[in-house]
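So the chains spell out like this:
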Amino acid sequence: MLEINNVHTFYGNIHALKGVTLNVEQGEIVTLIGGNGAGKTTTLRTICGLMAPREGSLTFEGEDITKYKAHELVAKGIAMVPEGRGVFSKLTVTENLQMGAYHRNDRENIRKDIEWAFDMFPRLGERRSQLAGTMSGGEQQMLAVTRALMSKPRLLLMDEPSMGLAPVLVDVIFDAIGDINEQGVTILLVEQNAHMALQVANRGYVLQTGEIVLSDDADALKDDPTVQKAYLGLE
Amino acid sequence: MSRRFNYIDVVLWSLRIGIIVIVLWGTVAKLFLGVGNTYTVGNWIDFFVSGLSQGSLYALIALGYTMVYGVLFMINFAHGEFFMGGAMTTTVLVALPLEEAGFLNEFPILSLLAIFITAMAVSIAVAIMTERIAYRPLRRAPRLVPLITAIGASFFWQYFFRGLYGSSLIPFPEFDIFDGKFDFGVFDIQKTDVAVLVTSVVVLALLQLFVQRTKIGQAIRAVAEDKDAATLMGIDVDRTITITFAVGAAMAGVAGVLFAIVFRQLNFIMGFTPGIKAFTAAVLGGIGSIPGAALGGLFLGVIEAIGPPLFLEGLNIPGSHQLKDVIAFTMLVLVLIFRPQGILGEKLAEKKA
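So the protein sequences, as listed, match chains R and A. For what it's worth, this note's numbering labels the leading residue of the first sequence as 1, then goes sequentially. For what it's worth, this note's numbering labels the leading residue of the second sequence as 1, then goes sequentially.
Careful: at least some of the hints might be erroneous.
Unchecked claim - Think about it this way: if two alpha-carbon atoms lie no more than 25 Å apart in a straight line, the pair counts; the simulated DSS-like pairs of lysine-lysine are: (1) A:Lys227 <-> R:Lys69; (2) A:Lys215 <-> R:Lys90; (3) R:Lys69 <-> A:Lys215; (4) R:Lys152 <-> R:Lys69; (5) R:Lys112 <-> R:Lys76.
As the list claims (entries may be wrong) - Derived, one-sided and incomplete: chain R residues facing chain A with beta-carbon distance under 10 Å: (6) Gly49; (7) Ala52; (8) Phe60; (9) Gly62; (10) His71; (11) Ala75; (12) Ser89; (13) Leu91; (14) Asn96; (15) Tyr102.
Unchecked claim - So the derived label-pair ranges between C-beta atoms look like this: (16) A:Ile128 <-> R:Asn109: 32 to 40 Å; (17) A:Phe48 <-> R:Lys90: 30 to 38 Å; (18) R:Asp106 <-> A:Phe160: 40 to 48 Å; (19) A:Ile216 <-> R:Glu126: 55 to 63 Å; (20) A:Val145 <-> R:Asp106: 40 to 48 Å.
Hints are computed from structural coordinates only; laboratory data are not their basis. Computed from a predicted structure; not experimentally measured. Heads up, the beta-carbon is just placed ideally off N, CA and C, and yes, glycines get one too.
Extracted from the complex, chain R is given alone in its bound form:
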């Protein structure tokens, strides 16, 4: 579904991605783990078009996606939950969800989907007319996830959805990731919480200073001694 081949991306003069190659198949949950500054966020930003690769190819459903602008990729079926949630704090919860459906014109279905989002997370429904910035971090994360789903994506990119959340809420979010995947959305998940990520994912890649150093089934990675030592905190 998504194939990334030998991608190099730069921040100014900093060589952030040094030939990343990975692929995501239809229906999978794939996770990308790694430490701070490994290039996880850069990888996602390159896929969704916010950063342009200097070299390498990106194809989505067989089509070269580097020729599209970032905002055009949403209509192609790629959505992203950005790092730090990125909800519009001065817009209401409902308005945030409407923004998620920006490229769609089927007003009636958008309304139904907003109701569906409120069913999925009733706490959002209770706060539908509230400004998003007044909600707690966990509620904002629920909003960020459902907002991304409003564009009806086939591939969902998630950047650190568990960051800064209480353990109870981390469970809620990861349950939601499983549910979303069961409804047919393919997921590429970037996480520092490698333990949770490998539990929910089918496969995983380990990124280190801009390079993929390991890739395997999630269960195999969990048992891998270097992964255990570096990312799972086990000896």
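With chain R's structure known, arrange chain A on it following the hints.
Same frame as chain R, but now just chain A:
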């Protein structure tokens, strides 16, 4: 942090107290000691209403500054030229020919419609060209660069329109329907003031509806808050920014026609002072805030109209009406000393600072 006063605090507080004392002293002298001319209640209402009318003009222009600042964090110093370009063009190409043909006072509503639409169209065209050619290539440049470019664009448009229409004053034709006053007994109101006020209120209400209720208005607010997140929603950020410029320019076009109706004289430099005043109004109200710009404009207009007779005459300052600009900018300083973010502004968030 030590709690001791340093010199700067002392100077600032003396300034604050000094200005307030002067204002109060002037006001008391005027109202209770009868210094200078005596005004009736009707006169004061006159001052107030003409201030409101002038202020609503400032408000219309200020909205353009504040909306562009909202999405780009840039002061668009060419905005006064959007205002001037629309007003000049519609006067020369529409209003004067209509008057010559005798159409103007025969069908005043139709004529006004044509005049407004032409002015808005020209202002929008000038704004879109400026944004596309001068500003967009500099989107990722340091913030001083677009600022200097805006000043350059301002000069460019001034001399462009001077080249088109010459440098002499152009008279705006007289509308019979705006001639005279509405008499309310104690006081009366110029019909032009009523026209300006009503038009401004309608335009402000339409803008509020547009920004709050339409999809594009929501997109403008989303872009103002977070451009990357807006892009991830599928919003074309560049296009939204262009629309923001166009909306601001449309309001500048309306303000240009209203200005022409009130002052009836135009030239290529007419955008400068209203532009600076409107910018002041936007900062007074809290730049980036739409209600702030409207409030700041009205506040500035009223202070300018009431300040000179109230506290300057009370201080026995001769020719006080010519000093209204001093009042305007003193007000700016005063408000910013007490409330650096403006009347309705929010404290600058880290990412904007």
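Going down the list of hints, with the structure as the test:
no., hint, verdict
1, A:Lys227 <-> R:Lys69, "holds (14 Å)"
2, A:Lys215 <-> R:Lys90, "holds (15 Å)"
3, R:Lys69 <-> A:Lys215, "holds (21 Å)"
4, R:Lys152 <-> R:Lys69, "holds (19 Å)"
5, R:Lys112 <-> R:Lys76, "holds (22 Å)"
6, Gly49, "holds (8 Å)"
7, Ala52, "violated (13 Å)"
8, Phe60, "violated (15 Å)"
9, Gly62, "violated (21 Å)"
10, His71, "holds (5 Å)"
11, Ala75, "holds (6 Å)"
12, Ser89, "holds (7 Å)"
13, Leu91, "holds (6 Å)"
14, Asn96, "holds (9 Å)"
15, Tyr102, "holds (5 Å)"
16, A:Ile128 <-> R:Asn109: 32 to 40 Å, "holds (34 Å)"
17, A:Phe48 <-> R:Lys90: 30 to 38 Å, "holds (34 Å)"
18, R:Asp106 <-> A:Phe160: 40 to 48 Å, "holds (45 Å)"
19, A:Ile216 <-> R:Glu126: 55 to 63 Å, "violated (29 Å)"
20, A:Val145 <-> R:Asp106: 40 to 48 Å, "holds (42 Å)"
Going through the hint list in order, the structure does not satisfy hints 7, 8, 9, 19.
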